[in-house]
Amino acid sequence: MGDILPGLVVPSTDGTALEPYTGPDADRLTVGGELNKVAANIATGRNMAGVHWRTDYTEAVRLGEEVAMGVLHEAKEAALKDAVFTLSRFDGTTMTV
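Remember, this note's numbering sits 28 above the position in the sequence shown when you count from 1.
The hints are simulated quantities; they were obtained by calculation from the structure and are not laboratory data. On a predicted model such as this, the values are computed, not experimentally measured, just so you know. Where is the CB? At the ideal position from N, CA and C, for every residue including glycine. Incorrect hints may appear among the rest.
The calculated label-pair distances, taken between Cβ atoms and stated as ranges, are [what the hints assert, rightly or not]:
| hint | residue 1 | residue 2 | range |
| --- | --- | --- | --- |
| 1 | D42 | T114 | 39 to 49 Å |
| 2 | T44 | V112 | 18 to 28 Å |
| 3 | V99 | T50 | 27 to 37 Å |
| 4 | A77 | L108 | 29 to 39 Å |
| 5 | T41 | T121 | 40 to 50 Å |
| 6 | T58 | A88 | 16 to 26 Å |
Based on the sequences and whatever the hints tell you, model everything.
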């Protein structure tokens, strides 16, 4: 999923400051993992709202993954010729753009 996120913070109990995040998963949080959670939460929320079915969730995250890879491919072709993007897909395979 990528590199572990450094320097994680959370709001203080009164909301006036930021404090280091020391939760049990602090040493395992990655950008990829957090983005996967966002995608899952959006899809699950749509299901709970009665807007979509579980199969829509499955296909929506796959479609979103394909769109994201297309955007990265276009960015690479247009301006980031030397860039290399390596992604972990939802099915566990790795793809390099």
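Here is how each hint holds up against the structure:
Checked against the given bound of 39 to 49 Å, the beta carbons of D42 and T114, roughly 41 Å apart, stay inside it. Separated by about 42 Å at the C-beta atoms, T44 and V112 break the suggested range of 18 to 28 Å. For the pair V99 and T50, the beta carbons lie near 35 Å from each other, so the given range of 27 to 37 Å is met. At roughly 37 Å, the beta carbons of A77 and L108 sit within the given window of 29 to 39 Å.
For the hinted restraint 40 to 50 Å between T41 and T121, the CB-CB distance of approximately 42 Å keeps it satisfied. Under the hint 16 to 26 Å, the C-beta atoms of T58 and A88, about 22 Å apart, fit the expected range.
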